[in-house]
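Those sequence lines, one after another, are chains A and B. Just so you know, numbering that gives the first Met the number 0 puts the end of the first sequence at 743, numbered straight through with nothing missing. Just so you know, numbering that gives the first Met the number 0 puts the end of the second sequence at 77, numbered straight through with nothing missing.
Misleading hints may appear alongside valid ones.
[Stated by the list, open to error] Computed list of lysine to aspartate or glutamate pairs in EDC-like fashion (alpha-carbon distance at most 20 angstroms, straight line): (1) A/Lys450 <-> B/Asp68; (2) A/Lys544 <-> A/Asp479; (3) A/Lys572 <-> A/Glu145; (4) B/Lys47 <-> A/Asp479; (5) B/Lys15 <-> A/Glu561; (6) B/Lys15 <-> A/Asp335; (7) A/Lys707 <-> A/Glu121; (8) B/Lys15 <-> A/Glu121; (9) A/Lys552 <-> A/Asp622; (10) B/Lys15 <-> B/Glu43; (11) B/Lys15 <-> A/Glu333; (12) A/Lys186 <-> A/Asp335; (13) A/Lys159 <-> A/Glu185; (14) B/Lys47 <-> A/Glu292; (15) B/Lys15 <-> A/Glu322; (16) A/Lys328 <-> B/Glu41.
[Said to hold, decoys possible] What follows is a list of derived Cβ distance ranges for each label pair: (17) A/Lys288 <-> B/Leu74: 33 to 39 angstroms; (18) A/Asp99 <-> B/Asn22: 54 to 60 angstroms; (19) B/Lys15 <-> A/Asp260: 28 to 34 angstroms; (20) A/Lys172 <-> B/Glu41: 44 to 50 angstroms; (21) A/Tyr326 <-> B/Gly39: 31 to 37 angstroms; (22) B/Lys15 <-> A/Ile727: 35 to 41 angstroms; (23) A/Gln710 <-> B/Asn22: 34 to 40 angstroms.
Hint data in this document are derived by calculation from the structure and do not stem from the laboratory. The C-beta atom is built at its ideal place from N, Cα and C for all residues, glycine as well.
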Amino acid sequence: METGSCNCVNPPRFYPKIYFYGGKNVGLTGESTGAGVLCSCCGVLQIDRITADDKVVALAGNPNVGKSTVFNSLTGMNQHTGNWPGKTVANAQGRYRHRDTNFVLVDIPGTYSLMANSEEEEIARDFICFGNPDAVVVVADATCLERNLNLVLQTMEISKRVVLCVNLLDEAKKKKIRIDLNALSEKLGIPVVGTSARSGKGLNRLMDAVTDLTREQSETSPMAVTYGEEIEQAISILEPALENTLGGRLNSRWVALKLLDGDESLLRSMRDYLGENVLSDEAVSDRLKEAKEFLEQAGITNDSFRDRVVTRIVELCETLGRETIVYEKKEYAERDRKIDHILTSKATGIPIMILMLLGIFWITIAGANVPSDLIADGLFWVQDRLTEFFVWISAPAWVTGLLVDGVYRTLAWVVSVMLPPMAIFFPLFTLLEDLGYLPRVAFNLDNFFRKAGAHGKQSLSMCMGFGCNACGVIGCRIIDSPRERLIAILTNNFVPCNGRFPTLIAVITMFFAAAVAGPFQSAVSAATLTAVIVFGVFMTMLISKLLSRTILKGIPSSFNLELPPYRRPQIGKVIVRSIFDRTLFVLRRAVVVAAPAGLVIWLLANIHVGGASLLAQCAGFLDPFARLLGMDGYILMAFILGFPANEIVVPIIIMSYMAVGALTDYQSLAQLHTLFVAHGWTWLTAVCVMLFSLLHWPCGTTVLTIQKETQSKKWTALGFAIPTVAGIVVCFLVANIARLLGLA
Amino acid sequence: MSYKKIPLNQLPMGIKASVVSLNANGPARRRMLDLGVIGGTEIEPLYKSPSGNPVAYRIRGAVIALRSDVSGRILVTA
């Protein structure tokens, strides 16, 4: 992930602007999606309208209703999708053109309500409220439409330009749920369009409806929700004063309702976006006081006010549901329940989870061998030709060394070793994700996290960490409670990312799989890797527990986790998509990080001062300490130089050994094994390297992301220090206990 | 048919019950309301997680996992 420069200097007031957290896809497979610029200075994104006629459309909806799928289908973009609530925690924007009009579509986080109970709800509400969208599309899940109507009604209270998109109609059909869309549209007073976004059905009609709504500047006359005599009376006391102050900028009835509710966050947002505090208007604050006194006399306190409002909306949803939805089959989720019983029961839940992980690793390792060798052969053949070419043009030896042995070889290593496993692992993981398995993992593991004083959704942010720890850290936004979110951020690095996986796999293949023969090699590798990951999860829980007993004291907050229906993954699409994504990701990293790193390392290894290379001198300095941790100075040096990106750790080790050793070329892991053993590696070195790879400081991007997410130097420093100290302690213990016992 | 009020976390699996009251305030209460848990809402415990906590409930057509500290504050009658 990279950060863009901030180009939003003093955004003008009333210009559409929204909180924008990253524009990044925080899911597993994709890496970037947003067309926006990440802005760290003010947390604001401007919508890129190309012409003034461009229409801005907000895409709202409950979590996990296929919003991102609708977004991707309309914009042709590749926002990450997956079957679990909360994957979109950032606003992403994309463009599409329909009937000669340009539209900017903004995908806002999925929420159950707009009552600003969490950061996501606040972001969603603020965009609908202050982003001045020309239309708001609320995407709803046809299989549980009634609950989704809650958000629809709340949105209709804020905006008069709402389109309801009833998605997943195909699934509803399978479950024998019939929805009368016309009746629903009539009752709600807004356009209602049925879609099956995964197969693209209905999207044209959706675009038509949006175009109609935005083009004629027409407003719908949405059904008004009324809240009973007392509350209506209180609203009518406050609303006229508000109407004066707001001057049509916001829906005054809705603002009145929120002020009566005592919604602090709306006041804050109004200050931020409108640049004024409505309560500083005397008429408003006097009227508010009067209305509140009236409510108090009527016996309505703050909590019961909210209760009445919510109850009214929920009841309305029930009525609407009764009138427009027919369930032809009573127990429609029977199959899902049976699957859940197997995947989450006491006897089988956790074993199946571990077997699943093992299976994925096994396929990854076994499958990656052949393409890895092929790519390596190809790339090293090119290296020979490059060398010949440089000899032919009589380039000086240092040029050849720098470009071929430094830049090209590092790049070739990263591509051949990183690419195949990642191109296999991620599609598999994405399939599980699409299926809806990840929330079940969170369900299974929740008890451990609860005991550690952490949030159950931490499992989900950890899963994101597999792709990239920076993404995982951003993904921690799905956790509302600040304390538990910090715990999740500080421990995310215990999940090995994309850049560390292949390092682990390479070390395992060289040192452990070789112990057995033939077809079992991959199985042994997979088992070892699973053990490493499980150890990482164990460390996550241990450190979470330590944190919540010490500097982040507190009791676990309440939360709820939705277990969505299983969905058949779109296998072909997922595989193609994620192989493509991963390939681009790895290739880009190779060019952006590995190539320049190769250059620097080659220089360090080849500039000699006082008879030894700079690299050797640094390594020599680190060596005594590194030995205590079961490694050597070169390895520790490689981890330090690998700070920009973990991918380059192994290439640095190789290059430093080759610079001082006799071996001049390597082409396979077997040769590498020989090289490493010649430099004193034992099984213990391999174990310590794996442990240190799992437990050490986060990469540069992750550190920056922690800083951005926590806005605190202290937590950033801890995010760096905690895994580092854990790694030093664990490696020290392992190395020295093994030595004491005479095992190595 | 009993009309005794019990906390939701004591309701046996597979028994449908209807919500009587919410014994929570502030954010915890709001979260329940968000899920559509109000007086009269029908809730059915579906299955437990491996350790018995949290438990998955069917609430308004969705399957939602609640930790026992939350479900203990929802009073229901079967």
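Status of the hints after comparison with the structure:
1. A/Lys450 <-> B/Asp68: holds (13 angstroms)
2. A/Lys544 <-> A/Asp479: Given pair A/Lys544, A/Asp479 holds - Cα atoms ~18 angstroms apart, limit 20 angstroms.
3. A/Lys572 <-> A/Glu145: violated (31 angstroms)
4. B/Lys47 <-> A/Asp479: Violated, at about 24 angstroms.
5. B/Lys15 <-> A/Glu561: holds (19 angstroms)
6. B/Lys15 <-> A/Asp335: Given pair B/Lys15, A/Asp335 holds - Cα atoms ~18 angstroms apart, limit 20 angstroms.
7. A/Lys707 <-> A/Glu121: holds (19 angstroms)
8. B/Lys15 <-> A/Glu121: Since the Cα atoms of B/Lys15 and A/Glu121 sit roughly 34 angstroms apart, the hinted pair is violated (cutoff 20 angstroms).
9. A/Lys552 <-> A/Asp622: violated (38 angstroms)
10. B/Lys15 <-> B/Glu43: Judged against 20 angstroms, a Cα distance of about 4 angstroms means the pair holds.
11. B/Lys15 <-> A/Glu333: Within the cut-off at roughly 16 angstroms; holds.
12. A/Lys186 <-> A/Asp335: violated (32 angstroms)
13. A/Lys159 <-> A/Glu185: holds (15 angstroms)
14. B/Lys47 <-> A/Glu292: violated (46 angstroms)
15. B/Lys15 <-> A/Glu322: Answer violated: B/Lys15 to A/Glu322 is near 23 angstroms, above 20 angstroms.
16. A/Lys328 <-> B/Glu41: holds (18 angstroms)
17. A/Lys288 <-> B/Leu74: 33 to 39 angstroms: This hint holds: roughly 35 angstroms between Cβ atoms.
18. A/Asp99 <-> B/Asn22: 54 to 60 angstroms: Cβ of A/Asp99 to Cβ of B/Asn22: about 57 angstroms, so the range 54 to 60 angstroms holds.
19. B/Lys15 <-> A/Asp260: 28 to 34 angstroms: holds (32 angstroms)
20. A/Lys172 <-> B/Glu41: 44 to 50 angstroms: violated (25 angstroms)
21. A/Tyr326 <-> B/Gly39: 31 to 37 angstroms: violated (19 angstroms)
22. B/Lys15 <-> A/Ile727: 35 to 41 angstroms: Violated - the Cβ-Cβ distance for B/Lys15 and A/Ile727, about 55 angstroms, lies outside 35 to 41 angstroms.
23. A/Gln710 <-> B/Asn22: 34 to 40 angstroms: holds (36 angstroms)
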